[in-house]
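*Asks:* Residue numbers (the numbering used here), protein chains in the order written: chain G, 876 to 1213; chain Z, 876 to 1213; chain R, 876 to 1213; chain V, 876 to 1213.
Worth flagging that the hints you see were computed from the coordinates, not collected in a lab.
Every value quoted in this text rests on a predicted model; they were computed, and no experiment measured them.
From the three backbone atoms N, C-alpha and C, an ideal C-beta is built for every residue, glycine too.
A portion of the hints provided could be inaccurate.
Said to hold, decoys possible - Computed list of chain G residues with no C-beta within reach of chain V, every gap over 10 Å:
#, residue
1, D924
2, S995
3, K1073
4, P1118
What the hints assert, rightly or not - In silico BS3-like pairs for lysine-lysine, Cα to Cα no more than 25 Å straight-line:
#, chain 1, residue 1, chain 2, residue 2
5, R, K1069, V, K1069
6, G, K1198, R, K1133
7, G, K950, G, K994
8, Z, K887, R, K950
9, R, K1209, G, K1198
Unchecked claim - Chain Z stretches covered by chain R per the calculated footprint, using a threshold of three residues with CB under 8 Å from any CB of chain R:
#, region
10, 933-941
11, 1051-1057
For reference, the chains in residue letters:
Protein chains: 4
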Amino acid sequence: MIITLKNDSEEKQLKNLMDWINSLGLQTHLVKGENSTVLGLVGDTSRVDIGLLNSLDIVDTVTRIQEPYKNANRKLHPDDTIVDVSGHCFGGINFQLIAGPCSVESEEQVLTIARAVKKSGATLLRGGAFKPRTSPYAFQGLRDKGLEILLHAKKETGMPIVTEIMNINHLPLFEDVDVIQVGARNMQNFELLKELGKTRKPILLKRGLANTIEEWLMSAEYIMSEGNTQVILCERGIRTFEPYTRNTLDLSAIPILKEKTHLPVIVDPSHASGLARLVAPMSLAAVGAGADGLIIEVHNDPPHALCDGAQSLRPEQFDELVKRLDVMLSVVSKVREK
Amino acid sequence: MIITLKNDSEEKQLKNLMDWINSLGLQTHLVKGENSTVLGLVGDTSRVDIGLLNSLDIVDTVTRIQEPYKNANRKLHPDDTIVDVSGHCFGGINFQLIAGPCSVESEEQVLTIARAVKKSGATLLRGGAFKPRTSPYAFQGLRDKGLEILLHAKKETGMPIVTEIMNINHLPLFEDVDVIQVGARNMQNFELLKELGKTRKPILLKRGLANTIEEWLMSAEYIMSEGNTQVILCERGIRTFEPYTRNTLDLSAIPILKEKTHLPVIVDPSHASGLARLVAPMSLAAVGAGADGLIIEVHNDPPHALCDGAQSLRPEQFDELVKRLDVMLSVVSKVREK
Amino acid sequence: MIITLKNDSEEKQLKNLMDWINSLGLQTHLVKGENSTVLGLVGDTSRVDIGLLNSLDIVDTVTRIQEPYKNANRKLHPDDTIVDVSGHCFGGINFQLIAGPCSVESEEQVLTIARAVKKSGATLLRGGAFKPRTSPYAFQGLRDKGLEILLHAKKETGMPIVTEIMNINHLPLFEDVDVIQVGARNMQNFELLKELGKTRKPILLKRGLANTIEEWLMSAEYIMSEGNTQVILCERGIRTFEPYTRNTLDLSAIPILKEKTHLPVIVDPSHASGLARLVAPMSLAAVGAGADGLIIEVHNDPPHALCDGAQSLRPEQFDELVKRLDVMLSVVSKVREK
Amino acid sequence: MIITLKNDSEEKQLKNLMDWINSLGLQTHLVKGENSTVLGLVGDTSRVDIGLLNSLDIVDTVTRIQEPYKNANRKLHPDDTIVDVSGHCFGGINFQLIAGPCSVESEEQVLTIARAVKKSGATLLRGGAFKPRTSPYAFQGLRDKGLEILLHAKKETGMPIVTEIMNINHLPLFEDVDVIQVGARNMQNFELLKELGKTRKPILLKRGLANTIEEWLMSAEYIMSEGNTQVILCERGIRTFEPYTRNTLDLSAIPILKEKTHLPVIVDPSHASGLARLVAPMSLAAVGAGADGLIIEVHNDPPHALCDGAQSLRPEQFDELVKRLDVMLSVVSKVREK
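Next up, chain G with everything else stripped away, as it sits in the complex (with noise of 0.2 Å):
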């Protein structure tokens, strides 16, 4: 951590900043330039408030050098983390596809589209039971009814699925779930992101809309730091000034992320842009970006969708797809179970 100091600042303040670092257990080293003087942080910052050294009076800018997530961060921990999900791994040289519905409408929609997916290769289903939409006017989900059809439909298939937690309550309703997923309007919802650490399973964790990497690094961290390190990441778009599409997939964020951290990263091509056509393009883009894996809406009659339908592919658009992406998958060296 780099503290730049004002010009007027006197002797004394600095001596009594000083001092006050070192009783943290922090070594400082002092640069005196001919505008500006500065001083070197040196040990484990994570804990010292920027806030309060930016109100010092004899404090003009604080600049963090050390990333403030440890288990998340690469630098502690070089090897790629593996997620395995009932032996489906996500993360390392390994790519999965995650498939179906955006909302759970019936148990005969549910498997007729998991069958599709599953032949076409996914080796995932995906479905929200509930479901956070902006209207408390819109469709909310089936909610522990919809839970109980993917459950169904995870026994007739052998798919485990991944869907939605909204409500710290609900967990016990998601004993048999095999991915939980804390959607991007809860990314910063601490409070259940502290419940989901004391879990052990598997955690989808989407991006806040307006998050930066370093904040939802700090949310994985958030999971982590209660013992469940079984984290994969979901970038599914950020919110910027353009209007044609419902969000910007920052698809640089993944090559970024590999840097950054161990944990496997996956794309969702269907939220981030809201219309079907995009979904093959932007799934390609995402493989060709070293995406760890898709997840991908489908539904088998898209216009009766009762929610996000303009987003949703078709089996057989989902068929050609998978197709596709097979190809792309050896220039990035990364293989599909298949």
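Position chains Z, R and V against the provided structure of chain G, taking the given hints into account.
*Replies:* Using the frame of chain G, we list chains Z, R and V on its own:
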């Protein structure tokens, strides 16, 4: 709602679409132009799924004309809502000052600050017991112990208290809290909003750091649709590309909100910038823009505050600010309670 | 164009508005609903001033249905435009690689790089003679001397050259330049665009760093409306709140542009991220998303480049990348010129 | 400037780097920590290329401590710059009102408005002769004819005039213009800035719609480094994700600029929101935030203005606003010239 159709849409598809819309109880009006055909929907379109319409083969674009919020909509409720907190009113010509420390640290700290800000003109006391922090390693608040300290200060000073909730399960602890705050990161924690809608307590709803005004009003709608109409909106800065300030305070949101909704709107100038020296100018600016009140961090010893010290005023700075505010309030025809 | 009227608008005002719209040669269609009255405008609305309509007392909102661009609009020109640069074609199934140094530094440097990238598969040579730099104290390019060096390299290698113009008055110097680049900062330098529209040279139009796709196409329209239809669009990243990358490469812009316009679209992965190690993954991603080509910075000695060295590949890295691109191109049905 | 080195950097590489930095006339200070090694650079680092440093194998991150602007930097020029326009002063305790139509339409229009706003308290007259428009099909201004009309109004009313330049080659036409405006879209038209730096005319430099405060000051630096120190900054809104307002007026930029620079700062509340009914509240807010003046669009017949009519006040609304501003100015210790 206006649907623009693709040029190559077939008569039969169009008829199917119109029949389906009519079956929802809506009327349709067709306008054929040279390069485009437009379908106008008349009636209550708040339940129509734009995503579904967008996904239809024959649809080019869908534009909502009616606002999707009802309870919060000024068109349907022209008069200002007045939120009465133990006799202190928000909305209309009233102007309220909420002040207090960022975090509750000790009984002595809270009482000292409460007495000082009350003397200067604050009518409500704020203070964080549960603190949402980006890092799991940062101070998380005194939690239930902090709430006790706040309630003690309420008893001693007679000031109603405002404090943040982060977890539905903590609701019983908030029984004697006067105004429950929903923080920016929980603005779209819909499960929490629904529960708060079932209470009859005033809710201070902060704007999410990347949420539009419409989404913010939809979150108010979540609370109001459950029967709780006592919602106070609080602008606290949005996320932009500018790094010099932590967030960009969006003061133009105030006159916009005054048109769109009847709910009171206050401003938090402390969190927006993250810099104490910006609190005074941005407070004056907020009054100019038409705010119904301010919520300001005050600390008796800012450099040693456990969190966000950089953005707190000292009591004497707060006192000085209140004097300047009073002159400005006359220009905007607001009356500060004294 | 759709005009929503205020509820309290008078018949007389409405009649005046409709008469005025009719006088512009447009037809009007009135749709009266319960809560709102909507006026549809049919005809060529590209000259109607939305600002003016918005300012009328009786108008609530105005929504444009038709795209405001004509020459660039795929609806009016369904076939792909092919821009032919001395036999190297952009658009359709063609894929082109443009490569070269960020800044022209010396004849030897440019020739060495040009020969290397040509051998690896680049068909056009890029290089900056006039450099737009945020700081007046930074290296501003070799200017006319730099142009001479590029033209010499063109003669020696036979590669057409692409270089940026910053000033209308420099146009005579660009007589032998094959493709004139308009940089992000000049995307809305309308006076420059109009002058370039009067030439018959291919123009490489970069997206402004905070411009929407529609504004970008309107800038292409400025060039095309003067008679020059040879416009190549270049996505180079937009400004967001994410600090780890200099800009966020918006790859979803590619499939969107392929729908909206018939113009070729290439991607600059070097400037977007500002990091050499992101160039390869983002190039592969761009191909996946459907780009018609790439413009890549290559430097024989990146650490000593006079500007933007951090984002340049070494020739051997570029060579390696081209090999990987070829496998991907088959998946998207593109053919790289060899 | 602080360079953080990678953990695995070799001694020899480090020595090479330090030697090279020393050869630039800078001193280096090395601080070795447990997990990172940090190199501090002392001296004038404004010419050091951060991109180059970042590209070195041994470098992890580079952080600039010193601001890159000099002439515009308050640290080096503590006193407020006062820009004197024919006796009307910007900066210090002075407050100026600039008013006039968006576009110059006719002699009668300009004279009528000029006389009205002068009577209400405006000291300078604004009006657009050359208009930057997103669409080539929109009204582009009366151009040189418009300038003539403005100069005639100046002669008749004695008010100095402010008008925008879009093309270096038009500079001779601006000989009798008092303040030359650089619009948001040209804020980084560096060739234009350099030419304006060679004049001795006051320059009104608007902020680019997605530019940081630092970039804005660097553009001021372009003008100042050529010898012209008469720069007035103008905040006019930045681009965010919020669609209800055309741009988000960033009023916190004002107190930040007051710290960072000695140049005067005014606000344009008309362009920021694009809505006439927001001009009054945002003008009052700008005064509260500490602005040195306002530039406001006034039109005698807003609904028929040729451009941007939606954001213009009528003369009587402007008159009413000025009265309210006066009360507020006393609170911020500003004096409006009368």
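*Asks:* Each hint needs a verdict: does it hold in this structure or not?
*Replies:* Checked hints:
With a minimum CB-CB distance of about 19 Å to chain V, G/D924 clears the 10 Å threshold, and the non-interface call stands. Remark: the non-interface label on G/S995 is consistent with the geometry, its nearest Cβ contact in chain V lying 36 Å away (cut-off 10 Å). Consistency note on G/K1073: stated as away from chain V, and its beta-carbon is indeed over 10 Å from all of that chain's, at 29 Å minimum. Not every C-beta of chain V lies more than 10 Å from that of G/P1118, the closest at about 7 Å, which undercuts listing it as non-interface.
For the proposed pair R/K1069 and V/K1069, the alpha carbon gap of about 22 Å is at most 25 Å, so the pair holds. Among the hinted pairs, G/K1198 with R/K1133 is consistent with the structure: their alpha-carbon atoms are about 23 Å apart, no more than 25 Å. As the CA atoms of G/K950 and G/K994 are separated by approximately 40 Å, the hinted pair breaks the 25 Å bound. With a C-alpha separation of about 23 Å, the suggested pairing of Z/K887 with R/K950 holds against the 25 Å cut-off.
Annotation: proposed proximity of R/K1209 to G/K1198 holds, straight-line Cα distance about 17 Å (limit 25 Å). Counting residues of the region 933-941 of chain Z whose beta-carbon sits less than 8 Å from any beta-carbon of chain R gives 4, enough to reach three: the coverage restraint holds. Proximity of the region 1051-1057 of chain Z to chain R, defined as three or more residues with a beta carbon under 8 Å from a beta carbon of that chain, is not established by the 0 residues found.
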